[in-house]
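**Q** Going line by line, the protein sequences match chains A and B. According to our numbering, the residues represented by the first sequence are 69 to 292, in order. According to our numbering, the residues represented by the second sequence are 57 to 481, in order.
Hints were generated in silico from the structure; no laboratory data involved. Hints are supplied without guarantee of correctness; some may be wrong.
[Claimed, not checked] Covered stretches of chain A, going by a simulated chain B footprint (3 or more residues, C-beta under 8 Å): (1) 105-113; (2) 140-150; (3) 168-179.
[As the list claims (entries may be wrong)] Just the calculated beta-carbon pair ranges, DEER-fashion: (4) B/Leu359 to A/Ala247: 29 to 39 Å; (5) B/Phe362 to A/Ser212: 37 to 47 Å; (6) B/Phe362 to A/Thr128: 22 to 32 Å.
Since the model is a prediction, treat every value here as computed from it, not as a measurement. Ideal Cβ positions, reconstructed from N, Cα and C, are used throughout, including at glycine.
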Amino acid sequence: MISLQQVSKAYREADGRPVPVLERASLEVARGEFLAVMGPSGSGKSTLLQLVGGLDLDFTGELEVAGQRLRGLDDRALSRFRNASIGFVFQSFHLLPHLDARANVALPAHFSGEATAGDAARAEAALSRVGLAGKARRLPAQLSGGERQRVALARALFMAPPLLLCDEPTGNLDAGSGAEVRGLLGALHGQGQTLVVVTHDPAMAAVASRCVRLVGGALVEVRP
Amino acid sequence: MSAARWAALVAASLRRERAGPWLSALGVAMGVGALVFFVGLGLGLSRVLREEVFPVDARRVEVVPPPVSLGGLLAPAKLDADTVARLSALPGVTAAYRKLVVQVPAACWYDGEFFGHRLRAGFDVYMVGVEPALVRKDVAPGEFSDAGPGEPVPVLASTRLLEIYNKSFAPTRKLPRLGKDMLAGFEFPVQLGRSFMARTEDSVQQVRARVVGFSPAAPLEGVAVPLATAERLHRERGVGTDAFTSVVLVAEDPGAVPAIAEGIREMGLQLDEREKSAAEAAGGAVAVVTAALSLLSLLVCALAAFNIAHASTAAVRAREQEIGVLRAVGATRAAVRALFLGEAAVVGLGGGGLGTAAAVGLARAADLAASRGLPAFPFKPESFFLLPWPLLAGGVLLGAAAAVAGAWIPSRAAAAVDPARTLAG
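Excised from the complex, chain B in its bound form (with noise of 0.2 Å):
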C-alpha cells in the first residue's frame, strides 16, 4: 500500500467521528504541553544562571595556592613570577592574567548628590587588581591603567552589583535606576587605610575612583583595579606583594581544560571552583526541580498513551467488520495495523502540535504575568522561559509517539483478526 493510500484511508476513517480521536488528542496535549512548558522553564533559569547570575567561561580556570602548603619542600606555595610563567607554558594554554587582591583597607564615605538624589552612605570597598588585557573588552569609555599618584584610579564594577543595585537597592532606598553609560566616568571618594569593619590604619589617605567600565571579573563586593595600581599600592603602603592572589588561565579551547587543570593539580596548585561550585549547585537545583516536573509530565503522556490503548482496543471491536472487509479485498495484516497505527500517529501529532502550540502561548502568558506582576529583582530575565525548536519539535514527535506506543498492541490484535468470522451471515 502506498503512503498516499494509506494516508486517505487513515484521514477517511478519521473524519468518520471526530469526537473520540480528539478527546483522545487532548490527552496527549496535556502531557506534551506540561512537558514543553516545565522544560522550556528549566532551560531559560538555567541560561539565567549560566549567563547572567554566574556568567562562567568554559574556556578560563582560576588558579590559587592551596590553603595549606609544605612550602617548598613539595610544591610551591605561592604564585609568584616564576610559577606564573610554568602556569603560560602548560600545554593548551593561550594566555594567563594575574590577579592581587588589594591588601590595604579601604573605605568610602559618600556624602553628596546622587544622579539627583542626595546620598549618604558608607561601605569598605575591596579591591582585586587584574590585568587590563583580561577586561578589556568591559572598558569603556577611558583608560584601565595605572594613572599614578594622585590620579583617581580606574574601577571596574561587577555587572552583578549593579544589577543588585538596580532591582534591589535602589527601589528600597528610592535611589534611581542607573545604566552602565550612566555610571562611566562617576568618580566617588576612598579612603586608603581606612576600614567600617577592620582596623583603620594609622595613616590614611585620600584618593578618588573613576568608574570605566562593568565586568563580570569584578568581584561581587568590590571592584576591580589595573594590576599595576594595586601592586603601587602595596608598595606605597608598605605591603610585601611577592606573590599573586590567583592566576587566571585561557585554554585555546573547553576539551583542554582537564589536562591544563591535571597540570596545575600536579604544580600542587589549585583551582579556585567557588563560582562554578555555585553555579552547579544552583544549577542543579533548577535541573533536580524540572526533572521532578517532567517525570510528572511524561506520566500524563503515559496516561494519554493508556487512554488511547483503550480507545484503540475498544475500535478495533467495534470494526472487526470493517477488518473483515479490508482483508477481504486485498488488507494485508501489515496494511490493517498500519492503518490503526497511521490513526493514532495523526491523533498523536494532533495532540502533540496542539500541547506545544498550548505551551508556547502559556509561556508567552507567564512572562507576560511576571513582567506586569512581579516586582523589579536582581538579575530577572526578559523572558523566564527558553524555547528551541528541538524541543518544540520534540514534544510534537513526543504526542506522536505516545499515542502509537498506545495503539501498539490494539493495531496487532486488529491484524490478527480473522475476517472469515466477521464476514459470516
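Pulled out of the complex, with its shape left as it was, chain A reads as follows (with noise of 0.2 Å):
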C-alpha cells in the first residue's frame, strides 16, 4: 500500500538554514496493515503523514500510496488522489464549524465528480458507522470532542480510501473517548482497512499490528 524508498525532506529555518526531518527515510506497509508511527514530539511524525497523505511534495526520494507514484502529479491528479486514495484524522479535527456532522461527513463528495444524489444517506450511515446515527444534524460545535472526533472519523472513511491517516486521533480527548475512538480504530482494522496511526499514546500503538519509531530522520521498527 505504501512504499517510502530513502526519503528526505528538510524544512528551511527564517534565515535560509535547512532542518532535516527525515533522512533517507525507508518503509514499507502492506494491504491491511496497521501501523503506528511514535516518536517524540518534532521528530517528523506529522510530515511523514502529510508526504504519505500527498499534502506536500516537497521531498527528495521514492514515494508510492495506493499503486501511485506522487512526485510529478499535477494539482488534479494530486487532488484526485487525496479524494478517492486518502482518508485523514487530523488531532484537532478539523471539522467546518458551520456545517452540520452530516454536511461535514459528506464535504469529499463535493470534490470526487459524482451526482450529489444519494449523499445524505451515505453521510448519515458513516456517522452510524461510528455510532452518531442521532446527531447528524447537530453542528460541530453542539458535539463533545469525542464525537467530534467521530463525525471526523466518518468523513475520512466517507468516500471508502484504501488508506486512512491519523494524526494523533486521541491527543485531544479524554480518556473514555480516547477508548472509543481507539476501539472504532481497531475494528477497521479488523474490516480490512489499512491504517497508519502517528500518536503518543501507547495505549493506541497496542491497538496497532505494527510499530515504528522516528528517531533522528529514520525509521526504526519497534515492534512487527
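Need the complex rebuilt from these two chains, each delivered in its own frame; the hints are there to steer you.
**A** Written out as C-alpha cells, the structure reads:
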C-alpha cells in the first residue's frame, strides 16, 4: 500500500538554514496493516503523514501510495488521489464549524465528480458506523470532543479510501473518548482497512499491528 | 466540481456569517444604485430632448442655399424648380418637399373671447409655406390646402409652441390650458402687410387664419401654411418667388443620409443643421453631466470592490484551516478559488440587485416628487427617467463584476494556501 524509499525532507529556518526532518527514511506498509508511528514531538511524524497523504510534495526519494507515484502529479491528479485514496483524521478534528455533522461527513463528495443524490444517506450511514446515528444535524459546536473526532473519522471513511491516515487522533480526547476512538480504529482494522496512525499514546500503539519509531529522521521498527 | 455542488458550498459558506457579506453588498449597492439612477436620468432627459424638444427625424435633411454664393458660375445660388428636381433625383432620396417663407409682413391683433377668457394681444405672424404631403399626418380635422382669396388660411402651429403656451404662457397670464382638439378650427384675424416689429406696408389686407392641426414641421415662432397659399400671397402682394427657401429631403433609410449630404454639397448647397446642432449641444450637455455622475458612481463601485478585496483577504487568512481541510479532502486549487469567487459573485449580485431596485424606487419617488412639487414647465415629462431592461440587468451584472474583481487576488491567495502548513499540529 505504501512504499517509502530513501525519503528525505528538510524545512528551512527563517535564515535559510535547512533543518532535516526525515533522512533517507524507508518504509513498506502492506494492505490491511495497522501501523503506529511513534516518536518525540518534532521528530517528523506528522510530516511523514503529510508526505504519504500527498499534502506535501517537497521531498527527495521515492514514494508510492496506493499504486500511485506521487512525485510529478499535477494539482488535479493529486487532489483526485487525496479524494479517492486517502482519509485524513487530525488531532484537532478540523471540522467546518458552519456545517452540521452530516454535511461535514459528505464534504469529500463535493470534489469527487459524483452526483449529489445519495450524499445525505451515505453520510448518515457513515455516522452510524461511528456510533453517531442520531446526531447528523448537530453542528460541531454542539458535539463533545470525542463525538467530533468520530465525525472526522466518518468523513475520512466517506469515500471508502484504501488508506486511513490519522494524526494523533486521541491527542485531544479524554480517556473515555480516546478509548472509543481506539476501539473504532481497531474495528476498522479488523474489517481490512489499512491504517497509519501517528501517536504518542501507547494504548493506541498497542492496538496497531505494527509499530515504528522516528529516531533522528529515520524509521526504526519497534514491534513487527 | 459540479455547478450544483459548487453552489451548495457557496451557499453554506455565506450562511455562516451574514453581516460581513451583506455589508460588502451594501457598498456595491450604493455604487450600482447611483450609476443606474444617473444613467437612467441621463437617458430620460435625452429622450425628452430627442422626442419632444428637438424631434429630429434621422431620415430627413433640410437643404438651404448657401448664405453667400458665386451665382451661376460655380454652383446654383437658389432653390428653383430645376434644382429641386435635381435634388429629388439624388440616389437614396424618396421624396422632396419644398418650403417657402412668406415674405409679406403679417400681424395678429386679437381682442375678444379666448376659451372663456378675455384676451387682448398683438404679435407678428411668421408664416412658412410647406407642401401638404410633408405634414399630412398632422392635419386633423380640416383641409390643409389653399382655399383661395377671401377664405380662411389653414395654418398648422408648432407642437412645441403649444407646449410652451400651456406650461409657461397660460399659467402666468391666467389663460386656459389648451389641447390640440380644442384649438382645431379656432380662427384668428391676420393683417397682411402689417408688422409690430418691421415696417408696415401701405396696403393692409384683412384675412382670417384657421388652425387645422399641430406639427413639428411648423416653425416655433410662427405657423405653417400650404405652399400654394404662400405662393398666392406672394403673387397678390407682388413679391417675386422664383426660388424656395428650403427643401426637405427624405432618405430611404438613415444610412443613405451621408451620401445624400455629400451630393447636396457637390451641388453647392448646404444642410440646415441649426436644429440638429441645437439638439446635439443640449444632448451633449446632458451626456457630459451624466458621464460625470456615472464616473462618480463607478468610483463608488471601485471603492466597494476594494472593500470586498480587503474583506476577502481577511477572510482567506481567517479560513486557512478550512481551506486546508478542503484541499485534504480533494479540492483542487481551482475549486478553492471558485469557492471564494462564487461567494463574492453572490454578494455582488445581491448588492447589484439591491442597488438597481433602490435606483428604480428612487426614480419613481423623484418622478412623484417632481409631479407634485415642481411647477409645470414646457416639455416637463411624466417621467424624467428611462430605465430599459438592459440598464437594469447591466446594473446587477456590474455589481457581480465589481465584487468578483475585488475578490480576484484574494481568491488566488486562497488557492495558494499550503494545506500541510495549516493542518499541522
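**Q** Give me the numbers of the hints this structure contradicts, sorted from smallest to largest.
**A** 1, 4 and 6
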